[in-house]
Structures are given as structure tokens and as C-alpha cells.
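Sequences are here, hints too, so could you generate the full structure?
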Amino acid sequence: VSKGKKYVDSKRKDRNSGIKKRGSAARGTDAAHKGSHRVVDNILKRTRGRGGHGTGKNTSSEAISRALNDDVNLRIKTQHGNRILDEMRDKRINEAYNKGTSLTEHTTAMRAVQAHKGTQAAADKSGNRAVAQVAHELGKMTYK
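Residue numbering for the sequence shown follows the working numbering, starting at 1310 and increasing by one per position.
A hint or two may mislead.
[As the list claims (entries may be wrong)] The calculated EDC-like cross-link candidates involving lysine to aspartate or glutamate, where the alpha carbons are at most 16 Å apart (straight line), are:
#1 K1329 <-> D1380
#2 K1354 <-> E1404
#3 K1366 <-> D1433
#4 K1354 <-> E1446
#5 K1449 <-> E1404
#6 K1426 <-> D1380
#7 K1400 <-> E1414
#8 K1408 <-> E1446
#9 K1386 <-> E1396
#10 K1330 <-> D1379
It should be emphasised that the hints constitute simulated quantities derived from the structure, not laboratory data. Note that this is a predicted model, so its numbers are computed, not measured.
Put into C-alpha cells, the structure is as follows:
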């Protein structure tokens, strides 16, 4: 990931650099992000003055990816759980965040809790302020 490249424009391969935890194709598992790139990117695009566009240690796409790819923000899940269910729930989280509305499904709310915990742990470990801002924004979301 080049330091000047916008986070949203970085390739999936680049966003996954630095991942140490791995799933198993034979077992049908993935290393799944608690706080996903999809949710982080969406929130950062709508949060004034935060990451993904700069070259600094907290704002470059590389810095954000490295923070998110730390083991504290990863867990092993089934490929179906990661690629289908998490993706669907992340889309719902983004829709609610963008509209400023509450989450309405329990499973999506639980996914948001995991995203909050993962991004908070990643921010605490890395010191990345952009990721910390995402954790803060996720923590403000509500469930009805």
C-alpha cells in the first residue's frame, strides 16, 4: 500500500498485508476481522479529518490496515460466517450509521459490538487515532 494512496482505493491484497492469523481452506475457515475494512472505511469517509488520505502514522492507508490486521482484531471463523454473514451485517451497520438510525436486528447489533471491541483493541495496541475514532463512532451506535 503506498502511503499516499487513499484507503478506499487500496486493493484487498494490500489491505490484508501484515495478517499473521490464518484460516484453513481444508477446514473451511478464515481469519476474520472483528472491525472490518468495510465498516472502518465507511466511517472514516464520513468522519471529518480522519484517515485513509494522508501520509502520517495515523492517517495513511498502510497504518490503518496494519492496525486492523493485528491479531487483536482478528478471530478464526467459518468462511460462511466471515464472507456471507459478516458482510451482510457490515452492510447493515453502514446503512444505520449513514442514516443516523439504530440497528434493528440482534445479530447485527452483536456484530457491531464485536467491531467496536476489535477496533478499540487495535487502536489501543497501535495508538492509531483514526481507528480509535472508528471505535468511538461504533460505540455511539444504538440498538432498538
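Hint check:
Between K1329 and D1380 the alpha-carbon distance is near 7 Å, which keeps this suggested pair within the 16 Å criterion. Restraint check for K1354 and E1404: satisfied, since their Cα atoms lie roughly 13 Å apart, inside the 16 Å limit. Between K1366 and D1433 the alpha-carbon distance is near 14 Å, which keeps this suggested pair within the 16 Å criterion. Taking the CA atoms of K1354 and E1446, the gap is near 12 Å; set against the 16 Å cutoff, the hint holds.
Under the criterion of a C-alpha separation no larger than 16 Å, the hint pairing K1449 with E1404 is consistent with the structure, at around 15 Å. Between K1426 and D1380 the CA atoms are separated by roughly 13 Å; this keeps the pair inside 16 Å, and the hint holds. Between the alpha carbons of K1400 and E1414 the distance comes to roughly 12 Å, so the proposed pair stays at or under 16 Å and holds. Annotation: proposed proximity of K1408 to E1446 holds, straight-line Cα distance about 13 Å (limit 16 Å).
Taking the CA atoms of K1386 and E1396, the gap is near 13 Å; set against the 16 Å cutoff, the hint holds. Under the criterion of a C-alpha separation no larger than 16 Å, the hint pairing K1330 with D1379 is consistent with the structure, at around 8 Å.
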